[in-house]
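K.L.:
Got chain L; can you put chain U on it based on the hints?
There are 2 protein chains.
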Amino acid sequence: MARVSKRAEKTQFSPIRKLKPVADQARAAGKRVYNLNIGQPDIPTPKSFLDGVKNLPKVLAYSPSPGLDEAVDALVSYYEDQNIPLDRGQVIITAGGSEAITFALMAVTDPGDEIIVPEPFYTNYNSYATMAGVEIRPIETRSETGFRLPDRRAIEAAITPKTKAILFCNPGNPTGTVYTRDELQMLRDVAVKHDLFLISDEVYREFVYDGLLHTSVLHLDGLEERAILVDSISKRFSACGARIGAIASRNPSIMQAALKFAQARLSPPTLGQLGLIHFLKSSTYRREVAEMIEEFEQRRDVVYEEITVIPGVVCRKPQGAFYIIAQFPINDAEDFCSWLLTEFELQGETVLMAPAADFYKTPGKGRDEVRLAYVLNAQALKRAIEIVQAGLDAYSHSHIGVRARA
Amino acid sequence: MARVSKRAEKTQFSPIRKLKPVADQARAAGKRVYNLNIGQPDIPTPKSFLDGVKNLPKVLAYSPSPGLDEAVDALVSYYEDQNIPLDRGQVIITAGGSEAITFALMAVTDPGDEIIVPEPFYTNYNSYATMAGVEIRPIETRSETGFRLPDRRAIEAAITPKTKAILFCNPGNPTGTVYTRDELQMLRDVAVKHDLFLISDEVYREFVYDGLLHTSVLHLDGLEERAILVDSISKRFSACGARIGAIASRNPSIMQAALKFAQARLSPPTLGQLGLIHFLKSSTYRREVAEMIEEFEQRRDVVYEEITVIPGVVCRKPQGAFYIIAQFPINDAEDFCSWLLTEFELQGETVLMAPAADFYKTPGKGRDEVRLAYVLNAQALKRAIEIVQAGLDAYSHSHIGVRARA
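The listed protein sequences correspond, in order, to chains L and U.
So the first sequence is numbered by UniProt numbering: it starts at 1 and just counts up by one.
So the second sequence is numbered by UniProt numbering: it starts at 1 and just counts up by one.
Next comes chain L alone, as it looks inside the complex (with noise of 0.2 angstroms):
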């Protein structure tokens, strides 16, 4: 009888969706469900991206394995925006920041060897690592401290001879969390010290609020040969769809490995592309963007307001991105979530939400956490996190080993 392999069997199922078939079930039974789960904004894609998709050629070919010209140009012209200076040669257009990280994880590591990861992490970090033959080692950031990295002999302790990299995302998914100058260089000194490269993942670049400034990997001096950015335009230009991201280094080894892995899948999607070079030439771009942050900065206000008020509820205010883990008053907060599709609703409506133990590697950590993700409007996200609040209160009075909290 033929079986799979062993990494088909040991590669997850994404936690993020695995509620979401008791989601269309609620919604099969009438309820309506506010989608706070998933990282897919409500805000429209920008026109001139549109436009430029429309823009169509005659033949649609593939594009050089590293892009489009024009598109990477785009891309090393926006860096230089982001005072991050590059040449052509140090970036690839990929199938999104998906594709980026598995190139960044096959160029560095060999089948059994380790990455370090600040916990909790973007779980498909887990998947990515299977299938590379990868074991992730996390490191611990608690919520109580806005999951900032701990100090440097904690991270020290977790490399062995087999540690390869350090990976980690910056505005953090699920935290919230950006890194300080500080904090970067300390992992700079701790990748130069043992020999490791710094994998950077920074699809939330431009989501800092405060006016808080972001630090990129490739800010900081030191770090040619080491740093390796991974990134994507789905989140910042609202264009999940197109499965455009990219993969940059003033590394030429690791850029020569990530050509050879871009030329063995030939191309990355065309039409993406031309929708990314139309976009960045447009004259509007970079007030299209702030306008978008702005506006989730607003949604980030909303919502630590309203779940800081919900007795027991534990959180930190998010800094970048768009997600905020919480800690509720419960034990089992997948319980919860499941509970809240299939035996709640308040006038009809329900609300989906990623339970936040999935995003920790330690077995038993996050279990009373819950990540939520601000991707609504402030009106839904009000009325959502009101349903939560009313949940919470019938779940505790309906479920034994719910904990009292000061």
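Hints should not be assumed to be uniformly reliable.
Identical chains share a label here; the pair holds if one copy fits it or two copies do between them.
Said to hold, decoys possible - Below 25 angstroms or equal to it, Euclidean Cα-Cα: the simulated PhoX-like pairs (lysine-lysine) are:
#, residue 1, residue 2
1, K20, K31
2, K317, K361
3, K20, K54
4, K281, K193
It is worth saying that the hints were derived from the structure and are not from the lab.
P.N.:
Then chain U, alone, in the frame of chain L:
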């Protein structure tokens, strides 16, 4: 000093593209270069495909990981048309055939495993295998016998305890060979006896000439749990840049594995799916594909007729796909292909071809062969072969090591 991984070092640069810089130089020097190296057809993408892309949603969102329901359903109908009945859950849309092969390999192999592939084979299989940590064991097929499969014992001789699958391309790239039902049944018998998967790359399915019928791996009984179809719309709908392919199997474990990998990378490109849906719903799609196939059959005839009259050139008439492997009366086809670009011209024109040795795994094989992709119109093809003939003549007068051939 941070080093890239062994797998990155081992992964090849695309041999099909390696003469491109030399061709670019030839162009820069004012020569016209006919591109016969890569499978990028010149056929306009069907209008109804492009119209589908123009009909854009307000938010260019992720599609579901297996593809938009409508796109999957459209493919299911297409397969029904091909006499391949499948349910919706048996098809997942991928970023081109490339991603489909990666998913198939990852689903059935672990690092250290082996797969069997008839050689010569599509050279990018090497990269997918290296990235998956898998070894390719080639089995010999020969130009003189039209690259037919060898008998069963020759295939069984290549099987080891590590063998997990036989991967083949039908119609064949680079061979143009269309496997008979008998050949496929032989592969089935081997797979069943030795507990192997059959991964059938059928991206050239419709490109079958001389009234031959194509047999899909999914046409055969007794392969429900073993057959994996790898597919792509790139060639048959002349939409290479859309990056839309598919993996299909009737084995639910395989589809579960593929779904996990699909969820990890979130979504295939949405824009290409919009084109696909619209095109497959159009009343003209069957005719448009049929017309394109007729055009390629004529091109096949032109290339074959022109090339076989060149003294010393040996090749079989390809039955499908749009490639031809020709044996030239020379020792080193790579040197000849490069020389055509650097040293030769016929009234300012020359030709870019792919040396065939790169399509063989066994060292030394195919050194006197080239692969031509007949992706230009008949007139251009005639002229290109004329240039090749003049080139061969000039090369044989200027080079030692040129063989005389009967």
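K.L.:
Would you mind marking each hint as holding or not holding in the structure?
P.N.:
Comparing the hints with the structure gives:
{"no.": "1", "hint": "K20 - K31", "result": "within (14 angstroms within a copy, 58 angstroms between copies)"}
{"no.": "2", "hint": "K317 - K361", "result": "within (23 angstroms within a copy, 57 angstroms between copies)"}
{"no.": "3", "hint": "K20 - K54", "result": "neither (32 angstroms within a copy, 30 angstroms between copies)"}
{"no.": "4", "hint": "K281 - K193", "result": "neither (42 angstroms within a copy, 59 angstroms between copies)"}
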